[in-house]
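Chemist: For the record, the sequence lines run as chains S and P. Quick note on my numbering: the first sequence kicks off at 1 and runs consecutively. Quick note on my numbering: the second sequence kicks off at 1 and runs consecutively.
Be careful, since some hints might not be right.
Where chains are identical, the list cannot tell them apart; a pair therefore holds if satisfied intra-copy or between any two copies.
Derived DSSO-like pairs (lysine-lysine); straight-line CA-CA distance at most 30 Å [unchecked claim]: (1) 78 x 62; (2) 62 x 230; (3) 324 x 78; (4) 230 x 94; (5) 183 x 210; (6) 205 x 94; (7) 78 x 94; (8) 127 x 324; (9) 122 x 146; (10) 324 x 146; (11) 183 x 128; (12) 230 x 210; (13) 78 x 230.
Read the hints as simulated data drawn from the structure, not as lab findings.
There are 2 protein chains.
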Amino acid sequence: MFIFTEHELRQHVSLNLEALSVVEDGFTNLAEHRVTMPPIMRVDVHDQNGEVDVKTAYVEGKGMFAIKVSSGFFNNYKIGLPSGSGLMMLISAKTGVPQAILLDNGYLTDIRTAAAGAIAAKYLSRKKIQTVGVIGTGSQARYQAKALRLVRDFQEVLIFGRSEERAKVYAEEMSAELGIEVKVVDSAEAVVRNSDTVITTTPAKDPVIKAEWLHPGIHITAMGSDAEHKQELEAEVLAQAGRLVCDTIAQCERLGELHHAFDQGLLSRKHPIVELGELTSKKAEGRQHEEQITVCDLTGTGVQDTAIALFAFQEMVQRGLGLKIEDKVPAFKN
Amino acid sequence: MFIFTEHELRQHVSLNLEALSVVEDGFTNLAEHRVTMPPIMRVDVHDQNGEVDVKTAYVEGKGMFAIKVSSGFFNNYKIGLPSGSGLMMLISAKTGVPQAILLDNGYLTDIRTAAAGAIAAKYLSRKKIQTVGVIGTGSQARYQAKALRLVRDFQEVLIFGRSEERAKVYAEEMSAELGIEVKVVDSAEAVVRNSDTVITTTPAKDPVIKAEWLHPGIHITAMGSDAEHKQELEAEVLAQAGRLVCDTIAQCERLGELHHAFDQGLLSRKHPIVELGELTSKKAEGRQHEEQITVCDLTGTGVQDTAIALFAFQEMVQRGLGLKIEDKVPAFKN
Chain S
1 MFIFTEHELR
11 QHVSLNLEAL
21 SVVEDGFTNL
31 AEHRVTMPPI
41 MRVDVHDQNG
51 EVDVKTAYVE
61 GKGMFAIKVS
71 SGFFNNYKIG
81 LPSGSGLMML
91 ISAKTGVPQA
101 ILLDNGYLTD
111 IRTAAAGAIA
121 AKYLSRKKIQ
131 TVGVIGTGSQ
141 ARYQAKALRL
151 VRDFQEVLIF
161 GRSEERAKVY
171 AEEMSAELGI
181 EVKVVDSAEA
191 VVRNSDTVIT
201 TTPAKDPVIK
211 AEWLHPGIHI
221 TAMGSDAEHK
231 QELEAEVLAQ
241 AGRLVCDTIA
251 QCERLGELHH
261 AFDQGLLSRK
271 HPIVELGELT
281 SKKAEGRQHE
291 EQITVCDLTG
301 TGVQDTAIAL
311 FAFQEMVQRG
321 LGLKIEDKVP
331 AFKN
Chain P
1 MFIFTEHELR
11 QHVSLNLEAL
21 SVVEDGFTNL
31 AEHRVTMPPI
41 MRVDVHDQNG
51 EVDVKTAYVE
61 GKGMFAIKVS
71 SGFFNNYKIG
81 LPSGSGLMML
91 ISAKTGVPQA
101 ILLDNGYLTD
111 IRTAAAGAIA
121 AKYLSRKKIQ
131 TVGVIGTGSQ
141 ARYQAKALRL
151 VRDFQEVLIF
161 GRSEERAKVY
171 AEEMSAELGI
181 EVKVVDSAEA
191 VVRNSDTVIT
201 TTPAKDPVIK
211 AEWLHPGIHI
221 TAMGSDAEHK
231 QELEAEVLAQ
241 AGRLVCDTIA
251 QCERLGELHH
261 AFDQGLLSRK
271 HPIVELGELT
281 SKKAEGRQHE
291 EQITVCDLTG
301 TGVQDTAIAL
311 FAFQEMVQRG
321 LGLKIEDKVP
331 AFKN
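Start from the sequences and build out the full structure, keeping to the hints where you can.
Modeler: Below, the structure is given as structure tokens:
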């Protein structure tokens, strides 16, 4: 049994092309039916405004699979803590015995979530883009922009958030990080109207993007909604997409943007919707022409967790890192 | 973050009246609607004959709650490993931050499962009993007999298992452990006909107990079935019970004995079924008269896991045990 700390994981597991590639392989496995992925388990801690999700996926042929526990406790800001936390564990797919605990406090989730955004853009965004728009100013707003840089060259970022102050901090940090201009704009509309590719990274309960702002050729990745009551895009945005992609339809129709489009009757279950793994496995094409409007709805899947946890494990073990705990005792004792 | 090993946990957490009492409180909380307990998450690893279950329950007012991962990999015997394994973790119910990992390899599950059996017997078994019957010769067959001793005095155990050799080992070990006679018998029928209280602890897919063997006053606890395809009691056994109890009806009608009784139409959903927490909270009575046949169907619940994990945490921390891992780094880095 190995224990890896957040500190070690941050030092040695980066958001790079290799991380992107393992997550992409995860989606391909999913599309090719080599993954067992049960529905997300969720515990609500109503009296503390908190929730804990458990995700998992077993990929056939892999020696281990991840179980991830991630929490969101939305009163934490009152005591100066981030809302998100959690850990991943790796279980042997041969014996069921736990092999490693990755005390990442959500770091690996940030990486695998940003990777999915970049993968969506790789297949759906126009090849040549100038301006990227980001809505939301939290850590995913940062990771998503950084990940996008791995698959697209762009010269400018437009940032909008409810707090202008946080948007300014974002602009300062990210222009240094990316080495390009990052401009604060004063509305989501200004972001959408002026960007080639837009990423929404908010916990919004009411849509932040209206369909009337869309323009030909735009790509939007909405990664914020992962619960029934969350929504970042007007349902009409999905209806206007010439290419509509989900990480998994099963999850998006319960927890993502798709859910609202179905609920409102703007899309029927017969509407052509593509899963991200169909793009990565080349079963389906991504963007079909320059003027197409494309939308990707991401809810976050267990197969991404297994992919990134296996990648992290390999990175750590080959460096001889991690705390090893040996503890074997007879089965019936006491 | 604390890490506790199986070795430490076995040394300091015992199957005793205190453990029984915390599990009993867990069932009471469940009956009094102070528990959020989502359905069990399950991953099947078909190509390895394995399965992993995740269980959890948040009890209002408790500072932490458990998430438990337990595996059953049924080819493990080929490489000399036990089929079961797993761990528990404790999550803060205030902040969602993981607080402890209990690397118990299923030990705490054994304790809380046996405790539930003893609780069932406490309310359902006749007060004065002479002979206890056990079917199955694995570790739960041992823990259940030991737990029963905490609530009932008995002079003899009858043991039956498919392997006579394993039954003999059981008899030898348990007669030393309990200080009473433990006799190997040659059939499940001999166990049932000659025992006041019977515990079934098998992974049987076909019933091991027939209704025609029942006699007035018998109590049966069936703790083996925890999956759709498992069954230890003929459905008619449940129909003959004057008092039929489940750990939770929601789980038993999916995964327990109850499921088969409903499926076969031997019981309707209007049949009076009591939950164990209704007994512990005194909302309902247990055994109502000496001649009554009583049956308890146990599938194992997340609230037992939270109860035993909190108990174990307290036992360990007050002794200053456990490995403490400190690891705090800024939220956005890299």
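Chemist: Next step is simple, just say for each hint if it's right about the structure.
Modeler: Going down the list of hints, with the structure as the test:
For a Cα distance limit of 30 Å, the shortest separation of residue 78 from residue 62 across copies, 20 Å, qualifies, whereas the shortest one inside one copy, 42 Å, does not. For a Cα distance limit of 30 Å, the shortest separation of residue 62 from residue 230 across copies, 28 Å, qualifies, whereas the shortest one inside one copy, 34 Å, does not. Only between protomers do residue 324 and residue 78 lie at most 30 Å apart by alpha-carbon distance; the minimum there is 26 Å, versus 36 Å within a single protomer. With identical chains, the CA atoms of residue 230 and residue 94 are at most 30 Å apart between copies only, with a shortest distance of 23 Å across copies and 38 Å within one.
When the C-alpha separation of residue 183 and residue 210 is checked against a cutoff of 30 Å, the pair qualifies only within one copy, where the shortest distance is 21 Å, while the shortest distance between copies is 76 Å. Within a single copy, residue 205 and residue 94 get their C-alpha atoms only as close as 42 Å, which misses the 30 Å cut-off; across copies the closest is 23 Å, which meets it. In the homo-oligomer, the alpha carbons of residue 78 and residue 94 lie at most 30 Å apart only across protomers (12 Å), although the nearest pairing inside one protomer, at 44 Å, exceeds that limit. When the C-alpha separation of residue 127 and residue 324 is checked against a cutoff of 30 Å, the pair qualifies neither within a copy, at 46 Å, nor between copies, at 49 Å.
Taking the closest pair of Cα atoms, residue 122 and residue 146 come within 30 Å of each other only inside a single copy of the chain (13 Å); across copies the shortest separation is 61 Å, beyond that limit. Proximity of residue 324 to residue 146 under the C-alpha cut-off of 30 Å is found in neither arrangement, the shortest distances being 33 Å within a copy and 34 Å between copies. Proximity of residue 183 to residue 128 under the C-alpha cut-off of 30 Å is restricted to the intra-copy arrangement: shortest distance 20 Å within a copy versus 80 Å between copies. With identical chains, the CA atoms of residue 230 and residue 210 are at most 30 Å apart within one copy only, with a shortest distance of 15 Å there and 52 Å across copies.
With identical chains, the CA atoms of residue 78 and residue 230 are at most 30 Å apart within one copy only, with a shortest distance of 22 Å there and 48 Å across copies.
Against the hints set out earlier in the document, violations occur for numbers 8, 10.
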